[in-house]
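Visitor: Residues per chain, in single letters:
There are 2 protein chains.
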Amino acid sequence: MYEKKDKKPSETKSGLTSLAELGEFGLIDRLTRDVRHYHPDTLKGIGDDAAVIDAGDKVILLSTDLLVEGIHFDLTYMPFKHLGYKAAVVNISDIAAMNGIPKQMTVSLAVSSRFSAEALDELYAGVVMACNKYKVDLVGGDTSSNVKGLMISVSIIGEAKKEDVVYRSGAMPGDLICVTGDLGSAYIGLLILEREKSVFQVDPNMQPELSGFDYQIGRQLRPEARTDIRNLLIGTGVKPTSMIDISDGLASEVLHICKQSNTGCRLFEAKIPIDEYTKELAKEYKIIPSVAALSGGEDYELLFTVKQDDYEKIKDVAGISIIGHMTALSEGKYMITPDGKSIPVIAQGWDGMRAK
Amino acid sequence: MYEKKDKKPSETKSGLTSLAELGEFGLIDRLTRDVRHYHPDTLKGIGDDAAVIDAGDKVILLSTDLLVEGIHFDLTYMPFKHLGYKAAVVNISDIAAMNGIPKQMTVSLAVSSRFSAEALDELYAGVVMACNKYKVDLVGGDTSSNVKGLMISVSIIGEAKKEDVVYRSGAMPGDLICVTGDLGSAYIGLLILEREKSVFQVDPNMQPELSGFDYQIGRQLRPEARTDIRNLLIGTGVKPTSMIDISDGLASEVLHICKQSNTGCRLFEAKIPIDEYTKELAKEYKIIPSVAALSGGEDYELLFTVKQDDYEKIKDVAGISIIGHMTALSEGKYMITPDGKSIPVIAQGWDGMRAK
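Residue numbers (the numbering used here), protein chains in the order written: chain A, 4 to 359; chain B, 4 to 359.
Hint data in this document are derived by calculation from the structure and do not stem from the laboratory.
There could be a bad hint or two in this list.
[Stated by the list, open to error] Each computed DMTMM-like pair below joins lysine to aspartate or glutamate, with the alpha-carbon atoms no more than 20 Å apart:
| hint | chain 1 | residue 1 | chain 2 | residue 2 |
| --- | --- | --- | --- | --- |
| 1 | A | Lys-151 | B | Asp-77 |
| 2 | A | Lys-136 | B | Asp-60 |
| 3 | A | Lys-164 | B | Asp-77 |
| 4 | B | Lys-164 | A | Asp-44 |
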C-alpha cells in the first residue's frame with residue numbers, strides 16, 4: 004500500500020520534475036492531494052498499511068502491492084514458487100499490520116511471451132501454498148500480456164472488529180516501541196544472492212555457494228507474515244497503540260509511525276534484535292548490523308507501540324523485543340548507540356547503506 | 004477480473020506450453036484449478052465480473068484490472084488524463100456488471116524513469132475525475148519503478164444488497180438477451196487512431212485527421228461505465244437474471260453467460276445496436292459492422308438477460324435493445340443473419356476480425 008520504496012532511482016528529465024527528485028512518498032503526496040471521499044464508511048483511506056471500510060459490526064481492510072521484475076525480484080535466483088509465495092505474503096503482512104485477519108485475495112499478472120505456462124504454474128503453486136497456509140481465499144485477478152518481464156499485482160481484503168484495528172497514528176509520547184522476531188537477515192540474504200549471481204555471471208560453471216546461509220536466504224526468498232502476533236497479543240491482554248509491518252526497514256517504518264502519530268522517538272541500537280550469524284555476515288560485507296536492520300527491509304516483522312503501563316505484560320513475551328520509546332515531536336527522532344551517542348533516524352533507501 | 008483479452012499473442016516456446024497455445028481463459032482455468040476457499044463469507048470467487056463477499060446485511064464486491072502500455076494502450080494517442088479516467092472506468096464497469104454500487108478504489112502504478120511527475124499528475128487527474136463523477140473513494144495503492152513502460156493496476160470495492168447481486172450464471176433458456184447503448188464504436192475509434200498513427204509515422208508533418216470521428220474516438224479513449232442502468236432497471240421493476248460488461252466484445256461476453264448459465268443462445272444480427280456512422284466507417288475498413296460489435300470490445304456497455312415475462316416492461320425502455328434469447332445448451336450458440344442463416348458465435352480475438 005503506497006509505501007514500497009523504489010530500489011532503482013529514476014533519471015532526471017530536463018524541464019519536468021523527475022520521479023527520483025520527488026521520491027516515492029513525495030510522489031504519493033503530490034498525486035493524491037486532490038482526493039476526496041464521498042462515503043462515510045471509508046474510515047481510513049491513503050496513509051496506512053490498509054484502507055479501512057466500515058461494514059456494520061466489523062470493518063473491511065483493503066491493501067494492494069506490486070512486485071515488478073528487475074525492481075523487486077530477480078528471476079536469476081528467485082524460484083517462481085517462492086515468488087508467488089512472497090507476493091501473497093507481503094500482502095497478508097499488510098493485513099497483519101492492521102491487527103486484522105486476512106480473508107480474500109486477487110492476483111493479477113502481466114507476463115511477456117518468454118514465460119511458459121509451466122513457469123506460471125509454479126508461481127501460482129506458491130500463491131496457493133501461501134493461501135492455504137494463511138487461510139486466504141484466492142477470489143479473482145486479471146492476466147495480461149506484457150511487452151517485457153513479469154509483474155504481479157496482489158490485492159487483499161481482511162477483516163477486524165472495529166475496536167481491534169490498529170493504525171499507524173495511535174502512538175503517544177512514552178509508549179514503548181516493540182518489534183517481533185529479528186531484523187536485517189532478509190537484506191543480508193539478498194547480498195549473498197547478489198554476490199553468487201555476480202560470480203555466476205563471471206563463470207557460469209561455478210556452483211553458487213549458498214549452503215550455511217539458509218536462514219538469511221530464506222528470509223529474503225520466502226518471508227512469512229506475522230499473522231500469529233494478533234493472537235499472541237490477545238493472550239497477553241495488550242492492544243498496540245500503533246502498528247506497521249517492516250517492508251522498507253525499521254527506520255522508514257518508525258518514521259511512518261512518528262509522522263502519523265505526530266511524535267518523536269528514541270531507539271536503542273543495542274536492543275534491536277538481529278540474528279547472531281547475520282551480525283557476523285553484515286561485518287563481512289562491511290555493513291554495521293543495525294544499519295541492515297534500519298535500512299534493509301523485507302523482514303516483514305511487525306513494529307508496534309504499547310502503553311508504558313503494559314510493560315510488565317509484554318517484557319517477557321518470547322519473540323517480542325522492546326527497542327525504544329516514543330517521545331514528544333519536539334524531541335526529534337534518534338537512535339542511541341551503546342556508547343550514548345544520538346544518531347538521527349533517517350529513511351536511507353537502498354543506496355546509502357554501506358558503511359564507509 | 005480475469006477476462007481481459009491479450010491483444011498481442013505470445014510466441015511459442017519449445018518444450019514448454021506457450022501462453023498463446025492456452026489462451027487467457029485456458030491459462031486462468033489451469034492456474035486456478037487448485038484453489039479452495041476457507042471462508043464461508045466468500046460467496047463467489049473466480050468466474051464473474053467481481054468476487055462477492057458476505058458482509059451481513061449486504062455484500063462486498065471486489066474486482067481488479069490491469070492496463071499495460073503497449074498491450075492495452077498506446078501513449079502515442081492516449082492522453083494521460085484519459086488513460087487514468089479509463090483505468091478507473093473499466094473497474095467501475097465491473098461493479099456495474101454485478102448490479103452493485105462502486106465505493107472504494109486502489110490505484111497502483113509501475114512506471115519507468117522516462118515519465119515525469121507532471122505526466123503522472125495528469126494520469127491521477129483522470130483517475131480523480133472518474134472518482135468524482137462516479138462517487139468512488141480513492142483509498143490506496145502502490146507505486147513502483149518499472150524497467151520499461153507504464154502499468155496501471157486498479158482494484159475496486161463495491162457493495163450491493165445480497166438479493167440485488169446479478170451473476171453471470173443466472174440465465175435460463177427463454178430469457179431475453181438485452182444490451183445497453185450501442186456497440187462497435189470503440190473498436191472503430193481504435194482503428195481510426197491506429198490509422199492516423201501510421202500516417203504520422205510515415206510523415207511527422209502530417210496533422211492527424213480526427214475531426215468528425217468524435218463519437219468513435221471518444222468511445223475508445225474515454226469510455227463511461229453504465230452505473231446508471233441499475234437505477235433504470237429498478238425503475239422498470241425488472242431484475243436481470245444474468246449480467247456482464249462488454250469489455251472483450253459481445254461474442255465473448257455472451258459466451259461467458261452461456262458457459263456460466265449452462266445455456267445456448269440466439270442473437271439476431273439485425274437487432275444489435277450499432278451507431279449509423281460507425282456502420283459506415285466499418286464498411287470503409289472492410290469490416291462487417293456486427294463483427295465490430297461482436298469482437299471489437301471496450302464499449303463497456305452492459306449485456307444482461309431478463310425473464311420473458313418482463314418483455315412488456317423492458318421493450319420500450321430507451322437505450323436498451325433486445326437482441327436475442329437464451330436457449331437450451333443443446334441448441335448451441337448462434338447468431339441469425341437477416342436472411343435467416345445461422346452463424347456460430349465465437350470469441351474471435353483481435354486478429355480474426357477483418358472481413359475477407
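Visitor: If a hint holds in the structure, say so; if it doesn't, say that too.
Guide: Hints, verified against the model:
1. A:Lys-151 with B:Asp-77: 15 Å, holds
2. A:Lys-136 with B:Asp-60: Violated: Lys-136 of chain A and Asp-60 of chain B sit about 30 Å apart, past 20 Å.
3. A:Lys-164 with B:Asp-77: 44 Å, violated
4. B:Lys-164 with A:Asp-44: 16 Å, holds
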